[in-house]
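Residues per chain are reported as follows:
Number of protein chains: 10
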Amino acid sequence: MSMSEVAKTIIAAKESKGLSWEEIGNAVGMSPVWTTSACMGMNSMPKETAESLCNLLGLDADICTALQKYPTKVWDQAVPTDPLVYRLYEIVGVYGETLKEVIQEKFGDGIMSAIDFSMEVEKEENPKGDRVVITMNGKFLPYKAW
Amino acid sequence: MSMSEVAKTIIAAKESKGLSWEEIGNAVGMSPVWTTSACMGMNSMPKETAESLCNLLGLDADICTALQKYPTKVWDQAVPTDPLVYRLYEIVGVYGETLKEVIQEKFGDGIMSAIDFSMEVEKEENPKGDRVVITMNGKFLPYKAW
Amino acid sequence: MSMSEVAKTIIAAKESKGLSWEEIGNAVGMSPVWTTSACMGMNSMPKETAESLCNLLGLDADICTALQKYPTKVWDQAVPTDPLVYRLYEIVGVYGETLKEVIQEKFGDGIMSAIDFSMEVEKEENPKGDRVVITMNGKFLPYKAW
Amino acid sequence: MSMSEVAKTIIAAKESKGLSWEEIGNAVGMSPVWTTSACMGMNSMPKETAESLCNLLGLDADICTALQKYPTKVWDQAVPTDPLVYRLYEIVGVYGETLKEVIQEKFGDGIMSAIDFSMEVEKEENPKGDRVVITMNGKFLPYKAW
Amino acid sequence: MSMSEVAKTIIAAKESKGLSWEEIGNAVGMSPVWTTSACMGMNSMPKETAESLCNLLGLDADICTALQKYPTKVWDQAVPTDPLVYRLYEIVGVYGETLKEVIQEKFGDGIMSAIDFSMEVEKEENPKGDRVVITMNGKFLPYKAW
Amino acid sequence: MSMSEVAKTIIAAKESKGLSWEEIGNAVGMSPVWTTSACMGMNSMPKETAESLCNLLGLDADICTALQKYPTKVWDQAVPTDPLVYRLYEIVGVYGETLKEVIQEKFGDGIMSAIDFSMEVEKEENPKGDRVVITMNGKFLPYKAW
Amino acid sequence: MSMSEVAKTIIAAKESKGLSWEEIGNAVGMSPVWTTSACMGMNSMPKETAESLCNLLGLDADICTALQKYPTKVWDQAVPTDPLVYRLYEIVGVYGETLKEVIQEKFGDGIMSAIDFSMEVEKEENPKGDRVVITMNGKFLPYKAW
Amino acid sequence: MSMSEVAKTIIAAKESKGLSWEEIGNAVGMSPVWTTSACMGMNSMPKETAESLCNLLGLDADICTALQKYPTKVWDQAVPTDPLVYRLYEIVGVYGETLKEVIQEKFGDGIMSAIDFSMEVEKEENPKGDRVVITMNGKFLPYKAW
Amino acid sequence: MSMSEVAKTIIAAKESKGLSWEEIGNAVGMSPVWTTSACMGMNSMPKETAESLCNLLGLDADICTALQKYPTKVWDQAVPTDPLVYRLYEIVGVYGETLKEVIQEKFGDGIMSAIDFSMEVEKEENPKGDRVVITMNGKFLPYKAW
Amino acid sequence: MSMSEVAKTIIAAKESKGLSWEEIGNAVGMSPVWTTSACMGMNSMPKETAESLCNLLGLDADICTALQKYPTKVWDQAVPTDPLVYRLYEIVGVYGETLKEVIQEKFGDGIMSAIDFSMEVEKEENPKGDRVVITMNGKFLPYKAW
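Residue numbers (full-length UniProt numbering), protein chains in the order written: chain Z, 1 to 146; chain G, 1 to 146; chain S, 1 to 146; chain A, 1 to 146; chain L, 1 to 146; chain H, 1 to 146; chain E, 1 to 146; chain D, 1 to 146; chain V, 1 to 146; chain X, 1 to 146.
Where hints are given, some of them may not hold.
Unchecked claim - Selected chain A positions facing chain G (Cβ under 8 Å, derived; list incomplete):
#1 Thr81
#2 Asp82
#3 Pro83
Quick caveat, the hints were computed from the structure, so don't treat them as lab data.
Note that the Cβ used here is the ideal one computed from N, Cα and C, for glycine as well.
Only chain Z is shown next, with the shape it has when bound in the complex:
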């Protein structure tokens, strides 16, 4: 069973149960963003989390097994076309050099890890139009000299 079939099955179950990612994340005791990413096939779930999710949504054992696999993370579009995702790509293009300047000024030569990493999405209500707030939190890894 491919991860995109797993994702489709989970989304169908989620819709028929009328649950949100927020609710699913809370039910399995993890962040909604991380839970979604694992269901999309971009993170592997610990056994208990996978079982909890499959119980919640009434999914078969093979889904449960698939969710525990270490996924191969592949994306097809070097430059994404969907407007929501492209805007994130554009932010990396426009602000990449700026972030390098600012992060390395604060921390020294190194990078923000994308592995020892978490991310949250919040809704900030605003009379001029609500705002999306994305918070990324990654361990700073200094370059090693040897």
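With the hints as your guide, set chains G, S, A, L, H, E, D, V and X onto chain Z.
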């Protein structure tokens, strides 16, 4: 004078004055991230901000003029190679579909603006290794039907 | 059911009913361009519009559900090959810098939104050959400084 | 003298005279969009227009000659990165298939010419935020059978 | 039925009838090159021509309908690999700038239309080796100033 | 001296003498298309032709030498952007498979040479708009079996 | 039946008969390299050769027909990844300019044909390790001036 | 001094001395193909060979030093455009899979080295047109299992 | 049976037997890395090794045959996206020039073979976090002059 | 001063002093591989190391300053062409999936860091041809769930 020459001149002045982006941003009354991005040629400065920055750093009038131009935002590498910037690109690739799911669940069909947008970088101290915290804040724009 | 199957089913129904996009758009109370784009899988329909369209064309409930999903907007060809679409791409290439100059002169530093956006197509009759008139209308979004 | 040097010289003269593209277009009796495109090196000016523009801006004879050359239209980025231009590219990607459906329904099998073509940009004032209105007008060219 | 299935069906019928494109074109009253291109899915046939072709080759009504559709012209290889087609691509690369010089010298600033366009292929017998003669005939379209 | 400098020098001399490619080709006893291509650096001139051209245009000996070199034929854009050249590329994309069918039907398995090859451009006057006629003539090369 | 299915069928038959390409080539009276290339779908077989091969390997009439078709030569990877094929690509990259110098010194301005062309592979035994000897033999085609 | 400047200097000296690559190779006791490749910056010369070549052509010590450097082998065009070099690329595309079949049948699983490798070019006179004969000779390297 | 089906079958058998690559490699008398690579379709197994592996895992004869084929080594992503594999790609990008300097200083002009090559992976325990140790061992191949 | 000028200056000094990277690394108390990478502009040197290196090689203060900057790591070729570097790229392509299997079996879901990373190159003498031994040592980073 090209924007990359402007950037080099500003960085040289910043180093000879021993100032950080944090201090420069505070001095001109703007966020350090936005200030850096304007100096990198990725945002245009209002006249007073540009003047304030040039006074602070002792820069010529042509730098001041250049900082007020509406920049053409160009990046050469569709896939960035510098490890710090690549990790951000990787986050878009790995979590792009997840963010689409989560944002559209919270807000409906639409996107997070990269124009009506701000970003901060903070250092979170941690005994296991300090962490980089990036917060993005963009207006939600719903798709218009007509 | 994939959006390209949805699109094929709608086009087949449209042809068997002998309806034009103009007539379908009018019947569901939306612009023909927007209606077509939603049927092509590039915009999501509000529930009533989807129901109205499915009644008009005699389509099943699963088409109605699919039309309401928030679509992932993907196109395969970075440079389109179909001559009608390529000419639009060519206009962006030839006149992109010009539009940047003219729009930013009129509005200041910012962009025309492709989300808060509408578009119409008209036929202008002309003895030397009829002309296609495309009108795009997008909200101006000024860059935010912070 | 390369066309990008010509463009820079014209923009410098335009700024020192304090003229807008709107005013320059009106002064030489052409549309502001077309006038800008010719100054950007994407259209050739008739002799009188070039002379009129060079008189207005106080430019040398070699600029006048360069403006009359038939330009080779080249753009570097298959997918543009500047946000203003990218949004136009995105519109082609998202709505290309839709425009093909709608135009060919109205006109038959053929294309909108990008050569026998004109374009205007207007500002539509709106209390919720001004709007950019771009109107494209191109001759319909039916495919020839032989 | 996809256009590549239509093309395969036509070629199979053509082979079983022992007809050449020359004979088919003559029978339906059109040029062999154009007739072939329509069967390959790159041009749409008027109703009578499609019926005439289907009668000649004994093909079903769905082929007849498919031949009348306005095709979406797509090719996969930006640089073609088949040696016969590559040589044509090479001619565009080697002689493109030359053709621009020569055509614009004869006609002024503009292009040769690929829509109001026809093409013939002839065999020129020659004792040193027969020669392929391709004649392209396209309307000159002058750039419009506005 | 690079071939693009050679080309610029020749074009400047051609303009100051007020000669067309037609006249230059006739004066040196070669086709205008071939003569232009050699001046653009895409063919090597025999010694007498180069001398004749340099006498006609009053060019130095180093131009004469450069014209006799065997050129390395390089083009930068896999997909050309200039509209005149793109239309030729589009013809290869749209009609490539058709030409393969028609040529191989007439000649057997093989290709049209782009080396043992000539090309002419003519103007066909037409009240509905003049037409460009391009004639390509290349030796048929059958595939060798061994 | 696609050419890759034809190739698989031939290879399966070859293996079950225990024959080498060397033996098959000899049996049908052609070079092993050419015979292999025709079975891989990169050359068309004359009728007698195809029949002889199908008799030898016990293959059906539809294989025999398919082998006689004029193939469309397509390869997917602009830069091949298989190490054996990549080394050949590397040789073209490293020695391409050298071969141009040496061939054009010996023959004048022109190319080696890849159509009127043959190739052999031999094994040269050597105590330090056997060596692969590839011999290419192509007609020299001088550029034509006209 | 870059290798392309070294190559230009050597070619200028070669031309002023009226020597061929054949003669230069013979004079320095190496193959003409290898000698040319070293002068093009694609192989490093042993000290004595470089000195011998510089004496023969009257070149400075810095050329002699540059010829002994271990070159970084870079080519710009993943798919070459010059027709002579493209034909070699085409041969790799058309016959790559064939060569893999034939070489691995004769030698087992492995590759032909492009490092422990030599190549010769010969002219084969032929009344129907002379032929280019390229002979490649590379050590077979079997894959190692461990 | 394609190699990716072979790989899936082997992985399923490996999981149902509860064996690691380490144990499988030891059981068939080969390195775990090499054994894995052969199961992934990137190396061919000698007959005895393939039989031993199929006995161990209870696999059919067709798997055994497939494992002995000489594989065509193909990878789809010129730049890999999976974070584990990308880090290796990044190391080649960041340290490629460095390795060229250091290897050629130690060995002279030449390369490290990727064919006469082996690789091991070890776990180095470390209280600050375990470390991955990859050791590559490839024959040095000096460039041949001829 | 660009990093490639810094690198050239260092290499020139290194050659005139007759020092190897081995000797330079030992003199400054760092690994030869890391020292080389810092001189190539791919790592930043601590102040003392940079001073020690500049003293050793007799280099100016601006070189010393440049070596301490945090470099932007850029490489031009997504697929490298130099044979030594390509072989490393090929190893990533051929063995990437294998390394993912083997590393994740030993360590769980995660990656080998390319930042907290070191690398050594050794020469293994061997009568059949010396061997290059590259050892990579990177911290294992487990994916974080949150």
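Verification of the hints:
{"no.": "1", "hint": "Thr81", "result": "holds (5 Å)"}
{"no.": "2", "hint": "Asp82", "result": "holds (5 Å)"}
{"no.": "3", "hint": "Pro83", "result": "holds (6 Å)"}
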